[in-house]
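Sequences listed follow chains A and B, in order. If you read the first sequence in numbering that gives the first Met the number 0, its first letter stands for residue 0, the second for the next number, and so on. If you read the second sequence in numbering that gives the first Met the number 0, its first letter stands for residue 0, the second for the next number, and so on.
No wet-lab data here; the hints were simulated from the structure. It is possible that part of the hints are untrue.
To be verified - Calculated pairs, SDA-like style, for lysine to any residue (alpha carbon to alpha carbon, straight line, at most 20 Å):
no., chain 1, residue 1, chain 2, residue 2
1, A, K1, B, P464
2, A, K1, B, N467
3, A, K227, A, P165
4, A, K180, B, H448
None of these values were measured; they are calculated from a predicted model.
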Amino acid sequence: MKASLFVTCIADMMYADVGKSVVQVLRRNGVELDFPEGQTCCGQPAFSSGYYKETAIVAKKMIEVFENSEKVVIPSGSCAAMIHHGYPILFENDPKWKKRAEEFVAKTYEFSQFIVDILGITDVGATFSKKVTYHSSCHMSRILGVEEQPKILLKNVKGIDFIDLPFAYDCCGFGGTFSMKMADISAAIVEEKVDNIISTGAEVLAGSDLTCLMNIGGRLSRRGVPIKVMHLAQVLDQGGGKNAY
Amino acid sequence: MHIEPSFRKRYHKALSDTAMLKAVKNGTGRLRGQRATAIEAVGAERWMEFRNRAEAIRMHVIQHLDQYLEQLIDNVLKKGGHVCLAKTGEEAVQYISELAKKKNAKSILKSKSMVSEEIHLNPALEKQGCKVIESDLGEWIIQLAGETPSHIIAPAMHKNRFQVADLFNAVSDEKIPTEIADLCGFARKYLREKFLGIDIGITGCNFALADSGAITLCTNEGNARIISALSPTLVTIMGMERILPGLEELTVMLSLLARSATGQKLTVYNTLSTGVRKAEELDGPQEFHLVIVDNGRSKQLGTKYEKILNCIRCGSCLNACPVYRNIGGHAYGWVYPGPIGAVLSPLYQGMDKYGELAYATTLCGACTFACPVKIPLHDMLYALRNDKVELEKKGELAEDIAYKGWSATFASMSRYRFSIRMARRFQFPLVKAEKIAFGPPPISDWLKHRDMPALPNKFFHEIWPEMNKDRKE
Ligand code: SF4
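With the rest of the complex left out, here is chain B (with noise of 0.2 Å):
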């Protein structure tokens, strides 16, 4: 898919696809009840419990991060896994479509990972001739559309059933109806076919237990665990800082996980695989490759962007963002979308590319105020603006001046007050029965929605002392 490289053209294009943004609308909505009725259901006292436990836990994981990997990969490899630590998203893509080379492999079925999505797995697998399949329905829709996921945890949310059942018909002999049932039945008897004869499986990680090398997959389809079992190679991909000491740690994120995400007190299947078959064993892989991709995640280590790699990637704070709800996830231009994108994607991917994203946000807390493991999202945002500002040098011109100019102005009362009289004077041609409706940029993109009031006869300091002078009377 084609991504246009300026933000304000990919969201005006988000603004005029209305079936995107209702389907967004309606998502987001959804999970938005959902997640709200889960936590009415707890308790707000006991949630807020949860999400400081969640924090101590993920921060603890983090600040010992290199420990931990060592623990996981350890025991991946005593269990007979091979292990692959890759510093950019290269080099993890270079060592599976190796490990793909090796195999001769000509199909691969895929599960759950947005870091593959992050690294441009699929594309690579393709242009060496291997016929990649996504599994879940969600990536398969988009996969047959030839689009990116718009949704951390609902990747087709951008798209009706009228869409999704053209979709289905393009690779489907018979008319498929437009049903949600009959859409669901045929994707299931459509994949289930692809499973049988997998040379190589691939999957996401929502988890990685240090203590036992185990690797956890929360789903709610369970093709993700069919894939596990029945590969004969299997590649798991994780972002590096996915791990957790063990399996009383993982008890509390995954509670907290489902009802963030979708307001469920457990995904349907949460699957912890380790290692290979053993002798003994009827299911699992013959071999087991961990792959481990930093891609920019430990530049944030000892950072104040740290607490960022706390994040478990529930998206509710999509769901909250207005923004998102807005504009939907493509317009956000890299594989994560909303809040945690708009954070996510300057620091991994260079705030040249994405700085803008930092302005994508009316800073109003909603994110932060959701996210289960309390990564305050939007003060990374002002940090970001500010970085840009101050740290780069990248303001935009016309800002810099205007914010010099609003320092000096409003640092001293009278200029302050000058400032506002000459505007009070001069606004005239601009003003209607006491409004303003058109102007001059930076106002006219303003005025293109809604009025904005003139400016009165009279300010509050010029009415101050008149009240002040009755009083005294």
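If we strip away everything but chain A, and leave its shape as in the complex, we get (with noise of 0.2 Å):
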């Protein structure tokens, strides 16, 4: 199967490992992977900012990029419900734009929807002997609807102790800029998501959506926890046999 890499901007400048694990697992499962040239970012920050003229700018552009590919695959939840839920809202009043970002939408999905649900594999052929607890995100769940599938990829893992985490509905507190912007209640909110993972004594938090993952880990790590955060697709990429490079 065919399909074009949305890496998103936050994988792309500050995560660049997770995009190499999100390759190499799908290429592994037999997908044959392109990264169109000219993407950025889905536009997300400025859409959730009320910013929606200058959210468009940059929504056409993706949808140009993307034009040609036969499905989308983005690492990231919340970019994926962006697509899903934001670009209709976006090009409401637009009949063109709306109809070409529909045919987006209608291709995209989140990295584990594409594996279960367009792939049909529930087990990537990874081992990985850990501990692990999984943060679901609230777009990824709520908007997107996708909730199960990262779950039964997680389970079906060689070796995996997977524990189930407390609340793992309730939001981490990053919100986009509200981290930035109410910084405080923010904090108040991770420091809540962080009690739960302690509590499951696990060594790994997985989880869907990296700025939920920047948000949770950067309270673990000034709170000096040693407990990892990983992608998802990290995990799936564990004792997966060689570089499929």
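Dock chain to chain to rebuild the complex, using the hints, since each chain is given by itself in its own frame.
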């Protein structure tokens, strides 16, 4: 199967390793990937701050960049949700772009959703003998409606000890610019999340949204808690055989 | 109670009030748990059917509000009641104040009304010499404390039992123990005495039924129904949207309201009362006044925010909201806190005063999913932010500039790549062991509590060609 990778700006600039794992896991599972030139960001930061006009400029670019792709895979629940939920709102009153946006939406999938629902794979052949818990990010589970797929994939990793996170669906407090604008409220919220994570006794916290992971990981790091934070793709990339470059 | 005009100051005060936060976390945690258990008992699928049905009922009412209002008013008048349709809060207050003057009222007993908080009724009545007593435990506690409610259904959620005992001790001759049962016992004894000799009783209204003019009150303490039975003159205040066509719709809404609010199948007392006492009846008011308050509500009709009028004030969205749980209700600055307040306050009271509340949310969507009548609260919060920026042109200047710059940069791959290369080059003064632990605004506040990873040596787009080169070999 052919698919295009929309790596997201955060993965591109801050978490290149996550992008690398995404590529490896998908290639190992038979996906022929390309990385269309011109991609930058889905537009979430501006959209959630209310700057729709500015968002539309960037969103149009992304629609163009992926125009020729058969399928688009994004390793971020909230960016996928932005495209699915936000783009139709952005182009509500612009029929031409609305149609192009809808075509983009129809072929765009979050990473785990793509593997489970499109590839029909529930075991990617990874091995990882660690205690792992999983944070369900809000936009991915509630807005995009992708909840079970990442957990199915994780539970099928060989050797994994999967522990449910108490209040997994509670927000981590990131909320885009919320975590900068109202950083102290955000800190109180992430503190609850971190306490819940610690209570599981897990060695690794996995997630499907890098910004949430950055927020949670940033707090764990500041508190000096030695729990490793990994994107789902990085867990699924473990022990899966040689690099699939 | 003095309310600090800046949201930032209000929530900072809240964040430092550990006793309040602990009480709010306990309270919301309990309600959240009870609601979850109730939904589990119903089954997720049936619960969704319930919600769809309730949403349809509420939308139907809102779309035919004029018609149902007319029918309601007709029926209330027919059954001997009086009706005041108040465009503003002041009009409502004036009507009730004049009535109190006319009745030469000294003692007024109240129960359950967020709308009366909204229109600042108590201070107005007290100013003209009436003694107003809140009869519900939660309301009475905050009245003693001189505060406003901090939660829609549990107004004193932010207080613990020791604080409550202190408040009670101030009005009691004996020392009150701090056990919950003793506190309730004292409140019951103290308040019951006040029921005798009321001049006017004031209640809120959960739903008014258009086809009969009946007022429905849902309570767990039963004080509201004592008031509606014993007051010679009864005033009921309702928001103009709190109408249902009739009993059939009421049955759906009652079970939904109770389950969402407290996880109960039904609230303990569900009272329906209609008009004035008839000749053969033993109780009920001799005079009944229904005050229907608009106060910004009709402005929402026909707008993208219309669905906000579907709200049945169950409080679920508050309990679900991570922001509410961590700052409590007073920080929101107006009567309605939490996600519903963050939408209602700017809509009813103006963007100028409360527009900031649209940013007091992580947009996590938990509120929308908790709402029994399916109000898309988080979508409305997005829309409010957009209104603020684009219609009112009131984005913060720095932000306006930042997002203009952002779109110019991110609309072009080369500009984007150039700018992140620059950022990587100039981040070095901030980086220590691949982490950033302090920095300038706007990330300075973020970094007070958390570390941020430094930009790595290689961006993904720099690795991608390598991944493909190896592949071809
Ligand atoms: S918005 Fe929905 S959840 Fe919130 S109080 Fe109103 S009805 Fe309840």
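Quick rundown of the hints versus the structure:
Simply put, K1 (chain A) and P464 (chain B) have alpha-carbon atoms about 18 Å apart, close enough for the 20 Å limit, and the pair holds. Taking the CA atoms of K1 (chain A) and N467 (chain B), the gap is near 15 Å; set against the 20 Å cutoff, the hint holds. Annotation: proposed proximity of K227 (chain A) to P165 (chain A) holds, straight-line Cα distance about 18 Å (limit 20 Å). For the given pair, K180 (chain A) sits about 13 Å from H448 (chain B) by alpha-carbon distance, which is consistent with the 20 Å threshold.
Violated hints: none; the structure is consistent with every hint.
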